[in-house]
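**Student:** Please model the complete structure; the sequences and the hints are all you need to start from.
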Amino acid sequence: MSPTTQALLFALLGATLGAGVVLAWRISESQTRPPVTTSPTLPPGVAAVLSVLRSSALVVDASDEVLKASAPAIAMGLVRERHIAVRELEELVQQVRRDGQIRETEVVMQRAPGIPPRHVTARVAPLSSTLVLALVEDRTRERRVESIRRDFVANVSHELKTPIGAIRLLSDAVIDAADDPEAVQRFAGRMHTESERLARLVQQIIELSRLQGDDPLDEPVAVEVDGLISRVIDENLTDAGAKQISLVANGTKGLSLLGNREQVAVAIGNLVANAIAYSPEGSSVVVSAKEADTTVDLSVTDQGIGIPASEIDRIFERFYRVDPARHRSTGGTGLGLSIVKHVAASHGGDVRVWSVEGQGSTFTLTLPRKSSIPSLEATP
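Numbering (full-length UniProt numbering), first residue to last: 1 to 380.
Please keep in mind that the hints were generated in silico from the structure rather than gathered at the bench. Incorrect hints may have been included.
[To be verified] No farther apart than 30 Å at their CA atoms in a straight line, the calculated lysine-lysine pairs in the BS3-like style are these: (1) K290 with K161; (2) K290 with K370; (3) K243 with K290; (4) K253 with K243; (5) K253 with K161; (6) K290 with K253.
**Tutor:** Structure below.
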């Protein structure tokens with residue numbers, strides 16, 4: 001056999017052996033490779049429905065991977081790296097997948113330190129043998145409102161007991177002292193004081209209830225600040241005169257703000273009444289107005305007892321009293337500053353306080369200013 005023929009035979013044999021090795025390797029790989037599975041797809045129309053839901057929605061497959069998440073669900077932090085980020089919700093999804101039963105629960109989602117937890121309700125239902133749908137609603141605001149309302153009712157009940165109980169005891173004392181004109185007159189005077197306190201408390205509860213929602217004003221109107229301050233001073237002249245306290249109007253004249261005249265009058269009136277109650281005899285209370293770019297600052301300054309620095313952050317809470325004993329002597333209800341805060345919120349404004357014990361306090365209510373609009377009439 002010639003050398004050329006031998007070389008050709010060896011080349012053909014090598015090619016045949018190489019092809020056999022490649023074929024054997026591919027057969028072995030196909031036997032050992034796991035079967036390719038396609039991820040389940042959403043049923044027709046589900047994605048479109050989820051895109052318009054206001055609820056936070058998740059669709060989870062058999063491996064607990066999130067196939068579809070609505071924008072609110074992502075914003076709420078329910079999904080992290082295509083998996084459910086809330087352990088309680090993940091466990092609920094697994095339970096529903098096992099038995100196919102629709103389940104509902106409430107979950108408290110802890111957040112970063114200093115941020116209140118989020119309260120949500122979750123409803124989980126099967127979409128197919130492998131897919132599970134979870135709908136989540138944020139109930140944090142509702143829970144907060146319920147808590148506020150519950151505390152408010154409890155506090156009102158407690159506050160009403162004090163003057164009502166006092167009037168009942170005083171009426172019994174009047175009956176027992178029927179033969180003592182001086183005692184009857186003394187007890188009757190105290191009954192009058194407690195009845196005024198009760199009437200003031202009921203009126204402030206009504207005012208606070210109207211403002212409870214902190215809803216923005218639908219149709220704010222222009223309110224002349226000068227007339228507002230004159231009205232508040234006139235309404236408090238009697239109480240100020242009883243303590244020889246002078247009420248002074250100061251600041252920029254001719255300003256106008258946008259809001260509800262009655263609500264603003266109540267807020268400033270409460271600030272002036274507080275200033276009178278906590279100021280010494282013969283001092284003065286100043287009500288002033290100052291304009292800014294888009295706001296008006298209405299300030300009430302007194303020379304009273306002042307507020308401890310540790311208490312300033314809490315004085316706007318309902319029924320909170322820096323000195324409960326002094327409030328009883330002055331007839332305070334603990335609602336006046338809370339009303340001021342609600343008026344500021346409903347007007348899109350703010351209220352702040354400066355105070356030093358023994359020197360006095362300044363409360364400033366900031367509200368939107370009505371800008372003067374130049375006339376569009378042509379000059380003759």
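**Student:** Could you run down the list of hints and mark each one as holding or not?
**Tutor:** Comparing the hints with the structure gives:
Taking the CA atoms of K290 and K161, the gap is near 42 Å; set against the 30 Å cutoff, the hint is violated. The straight-line distance between the Cα atoms of K290 and K370 is roughly 13 Å, inside the 30 Å bound, and the hint therefore holds. For a cut-off of 30 Å, the pair hint linking K243 to K290 stands: about 28 Å separates their Cα positions. This hinted pair checks out: K253 and K243 have alpha carbons roughly 28 Å apart, not beyond 30 Å.
For a cut-off of 30 Å, the pair hint linking K253 to K161 is broken: about 45 Å separates their Cα positions. Taking the CA atoms of K290 and K253, the gap is about 8 Å. The hint holds against a cut of 30 Å.
Of the numbered hints stated above, those contradicted by the structure are hints 1, 5, listed in ascending order.
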